[in-house]
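2 protein chains.
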Amino acid sequence: MNKRILVSMLPLLLIALVLLGLPADEGMYPISELMKLDLRSKGLEIAPEEIYASDRPSLIYAIVSVGATGSFVSPEGLFVTNHHVAFGAVQAASTKEQDYLTNGFLARTKAGEIQAKGMTARITESFRDVSKEVLGAVHPDMSLADRTKSIERKIKEIVAETEKENQGKRAEVSEMFIGRTYVLFIYTYLKDIRLVYVPPRAIGEFGGEFDNWMWPRHTGDFSFLRAYAAPDGSPADYSPRNVPFKPKRFLKIDPRGIAEGDFVFLLGYPGRTYRHYTASYMAYEEESRMPYAADWYAWQIDLMEKAGAADSGIALKLASRIKGLANTMKNYRGKLKGMKKLGIVERKRAEERALQAFIEADPKLAPRYADVLTGIDEVYGETLARAGRETILESLRSSVNMFHLAWLAYEASIELRKPDLEREPAYMNRNWAQTIQRLSFILRNYHEPVDKAVFKELLLRSLRLKGPDRVEAIDDLFKTDASEAAVDAFIAKAYGGSKLNTEQALADLLKRTPMEIKALNDPFVSLAVALFPAYQGLRETQKARKGALDTLFARLVEIKELYLGKAFIPDANNTLRLTYGRIKGYEPADAVHFEPFTTLTGVLEKTTGEPPFNTPPGIAELSKSRDFGQFEHPVLKDVPVCMLYDADTTGGNSGSPVLNARGELIGVNFDRTYEATINDYAWSEDYSRSIAVDIRYVLWVAQEFGGADFLLEEMGIR
Amino acid sequence: MNKRILVSMLPLLLIALVLLGLPADEGMYPISELMKLDLRSKGLEIAPEEIYASDRPSLIYAIVSVGATGSFVSPEGLFVTNHHVAFGAVQAASTKEQDYLTNGFLARTKAGEIQAKGMTARITESFRDVSKEVLGAVHPDMSLADRTKSIERKIKEIVAETEKENQGKRAEVSEMFIGRTYVLFIYTYLKDIRLVYVPPRAIGEFGGEFDNWMWPRHTGDFSFLRAYAAPDGSPADYSPRNVPFKPKRFLKIDPRGIAEGDFVFLLGYPGRTYRHYTASYMAYEEESRMPYAADWYAWQIDLMEKAGAADSGIALKLASRIKGLANTMKNYRGKLKGMKKLGIVERKRAEERALQAFIEADPKLAPRYADVLTGIDEVYGETLARAGRETILESLRSSVNMFHLAWLAYEASIELRKPDLEREPAYMNRNWAQTIQRLSFILRNYHEPVDKAVFKELLLRSLRLKGPDRVEAIDDLFKTDASEAAVDAFIAKAYGGSKLNTEQALADLLKRTPMEIKALNDPFVSLAVALFPAYQGLRETQKARKGALDTLFARLVEIKELYLGKAFIPDANNTLRLTYGRIKGYEPADAVHFEPFTTLTGVLEKTTGEPPFNTPPGIAELSKSRDFGQFEHPVLKDVPVCMLYDADTTGGNSGSPVLNARGELIGVNFDRTYEATINDYAWSEDYSRSIAVDIRYVLWVAQEFGGADFLLEEMGIR
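As you go down the protein sequences, you meet chains C and S in turn.
The numbering used here puts the first residue of the first sequence at 1, with every later residue one more than the last.
The numbering used here puts the first residue of the second sequence at 1, with every later residue one more than the last.
Chain C is faced by these chain S residues, among others (derived, beta-carbon under 8 Å):
1. F594
2. E595
3. F597
4. T599
If you're looking for bench data, these hints aren't it; they were derived computationally from the structure.
Ideal placement from N, C-alpha and C gives every residue a C-beta, glycine not left out.
All chains, full assembly: derive it from the sequences and hints.
Printed below as a string of structure tokens:
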């Protein structure tokens, strides 16, 4: 072929590539909004009613919330989610002798499936706007804190009533737009979940923290679990008599996978985004909260890594805390980089200046809206001003285990004696079991030297606070001597004198009245009692801030809709959402292009033999023949391992099914790229890419490496 | 446009891209071989005779060897090379008050051009095969060491004779194929070089050690210098009366630059490659020499960085040593990674097994060739076996400055008293000035605490050697006490008692006879005298090994040519070579594609304000208008900064002109990618990419930022 002709075709080709890569729209759409989207024009090949219609077994009934997300893939309650989502349950099921985390797990029969402790699965059954009822509970004369309390109380009442009317279901009222719209969701709530197939950690967590939030990625981050129900089909606690749950709908899998440029959509439960927030909030995050938290997490990780360096038992205990801290730290650092690179705060400020000018130019609008932005700025200004004190109070309670236990036990002794609807959510009957579970997780991973070092650091930081930020109860402890030696002495005495750190002691404590607890004279309980007014003050402050923001943000969305002449979709809030996009690479830096698929060859190239790059030798063995059958990518001539797309996701979308234009499963979402950590604040066409494990790798590993042919058969794959 | 039609065009496009990216051949071709290459069919649009013909002013006369490479770009002796090539001269010309390294340098008139101390420029004038004469000096009965000495002696004679016949020229005999072919080169040797335009270090060294050996790259690694000659046009030492040198040929510049897929070629002086070496040599490098050296360099860098941490004066002194060590360390680590990734040793072994089988299958070949590979293996086996001892001896002399000075002075006192042709090369009249220059460079950067620490480490390592590796003269020092304390005491005494470390002391020393030097009783000289027999033994061993390898490698190339039915090109050896290829990106890892051009936007994205990412603010200012005139890349709509191509280069090609199909300058080569550090052992179509600064960035910086419009005019650019 003549080279000049070929060269002359290049511009045409460029147009073709642009057209194939049509930009996706930003958005995590609530299911209620689907019909307003013209998804067929974006590339969907099935009727949108196939995704959701209340009168038929549409795709949303195949989606489960498991903290993150999962999706049913067989009529027998089999569902797929991420390895990292099932991680805790696999760890809990493992012993030194039967280490399923390291070796993986496969149940060859249903009888062999073992309980996934701590896991539950929710299915969204229906939803209804309850904004009127909720907002009917407030009136203008209320204090800001009381406004928040009234809304909380009304929501609790709606939930209680709904759960009474719908026995066995779980209800939640979710705030969609701050202070403006509230939706009641009713969920089927499955509590008997079992492990079916889990690949070895060296596949499911390949690349570890090193590759976390990164592309190119080579992680087989998937696991298969099964939901069980009572013999009559109703949700039930774990029992050997239970039977596989029959979902209204399960996903068909397309083992042929997907290609670059193809349309995809995801269903799932994204956690939180902040896109409707203001420049002042973003600036608070960028300048104060995130850098402080990232540094504080780095400090703790360093401490824990040193503590675990010489003793693998201690290292194991601290591993999941380090993993969690490192995950958030890297996420924050990615966000900080992205905020700077995209100039998010400056962009928001420019938008807000234009909006303010629009408001002030119209005498009809000004009275209702002119103070909205300044009002919000004031709240975040105050939050920023008190961040020194509030951060110390929050960190003491969240990072010092002994103090956390004492504080929670003391608050429980007060709260549990109130009527259920008047309690803080953690102490309500419907949540209490989860609260207890969290406590025993803390006890299981408790390590005194680390706890002491964290406590000391926070006390020293507290003693360095200035003026109004100072914490009186801590000052009182060191009135006569605030030296490091005095802090050391206090800590030695406190840990020497406390006996809270056993399951037995804790269980005993949680039965007592406030007076009985105080009488114990446990050093940590005494500190909790002394600090209690400070925490109560903080809670009141936070509720007042929420009350102020509720009215301000409600008006902000109103005026933004008026100004821009369009309706918005609410920020993510742990409710079921749809997002769509295309399989697509990106340019993370000048002269660098990331392709949207990684391969099995790439897994082997990264493999060093040392964790987290210790691929099981069986994988290299199996890949030798290069005979991948139906799981081969037709262009790459290899098994595709992970893939990229520009759909809009955030934490909570872990395990979300990635579906093709026909609504068939072709991947399991598990992460975003480093540049896309910024998604929580702004979606960027250039940088927002999410990462899934390709269904072809899932199936190839399960069948060829795991020997789980029968599961592929159950999923209808031959 | 219909999307389906576009999709159907994709395969066509793929074919187009493949055709555009025709693979280049491996090779650094000697000028003598050019006519055998069908360069027109590869993409060259001018007659090959334009590149080299002895009877016309062809392109090679525009190329200068300046240690690395440069090329004339005006009839007035103006030449362009890399910033890093001119670095030492710029540093030497700088003072605290006039810091040309930091601020850059521009001479607005020829009178303002300042001497580039230490720089010379060689132009290849002619060459002639002298293999017969050289090999005529040996006969079969000679010992292996004598064989080497005879060849060295014969070469010195040829050089002396040639330089006598060609007054003012410099002659070199270069070994092309080991022990087989020798070529006499005659060079014009220019000694008056001056600085013309040097960008600030923040442009010329942007990215520093961090980006070194890496892509994507954003370094403006170029400088303009000018060669001067005596008023009659003949080479002369620096003199204010000298006039600009008139080269026979200078390069035309194409300011429009080049595009992806285009043919390019380079002329230059690549240093050393080892492609004709055997698996046993590669294994010695991979298993012993390179990992040891990389670790030893890392140890020294760490030491020097700590020494410089608290004192910027010391840091400045150590900067160029650290830079040199870090450069080699990173190069070796890249090579080690590449050798493993490409399986070089295993590949070579397989080739050698096949070659051996071919030899043994033919009774006519076996007698002459059957022992060749095993013979070479034996030499490298012995080298590997003695590496412990030999590395310590080499390191003592190269890394301990005080010992280096003492040792060299002592050897000089012996060598300088021999007839010129009998001396080791460093002491011959024609090289002595350079030797002295190297010594004063060492003195200038001398820092006693670092020297002591390095000396101590090497003594301790020496004392840990086993059996035959032990160094007697060092053992003798610590006969009664070989503890660390004894080493410390010895070092304290040695540095306390020596006075070698001034220019004056050294100059004085270099005048003395061996007896006089011994009589000084300087501790370092005494050690040099004591160790002298060990070094003489090492030199004899190395000459004997060279003698053995000469006969073995000569036969190896013979039989390989017979076996493969083709002639080879010799490994790089600091002589003028041509290499060609195409502008082309590559895939450094699964799912990652590197594009072949970086941009000014990328420079600004990398800029943090902190060295080595501290782009001068003027660059950002100038880029604001986005009006780049003729220096804009037509597709990227930006100034292209650096570019990638698959030509075959190595160290020494720094500063090589990158020429388009018409022989016009479009870039200045300055580095290779990390994956291409492996070039010294094997060229890889997938990974071997070299890096140039795009001529458009050179010209844009010089004109817009540097204000050197008149230079562009001198170069014929309007």
